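When you read off a place in the sequence shown, starting at 1, and then add 124, the result is the number in the numbering used here.
Just to be clear, a hint being listed does not mean it is correct.
Label pairs and their calculated CB-CB ranges [to be verified]: (1) Q167 to R201: 17 to 25 Å; (2) A180 to L200: 25 to 33 Å; (3) P202 to Y135: 32 to 40 Å; (4) D149 to R201: 12 to 20 Å.
Derived by calculation from the structure, the hints in this document are not laboratory data. Values in this document were obtained by computation on a predicted structure and should not be read as measured data. Every residue, glycine too, gets a C-beta built ideally from N, C-alpha and C.
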Amino acid sequence: MDDITAHSEQYRGFTISVTPQKDNDDLWDFSYRLQRDGEPASQAIERSRTLGGYAAPDTARLAGLEVARIEVDNLLRP
């Protein structure tokens, strides 16, 4: 899966979409989008990470999924 296409998955009532992005010095970072099931796209949460600097797009994508899952967990915390 070594490319810059978005990867989407369902997680705890949200759709998470992560896209690796080429950064400076031939490194990769990511952006992600969280959309709660049943809510309009206009209410989706979008984030961009430009601090990591991963060697490959797959690594950036996996890191993005982990960060997005943590954000979903925090959103669902009472």
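Subject >> Contradicted hints - numbers only >> reply: Result: hints 3, 4 break, sorted rising.
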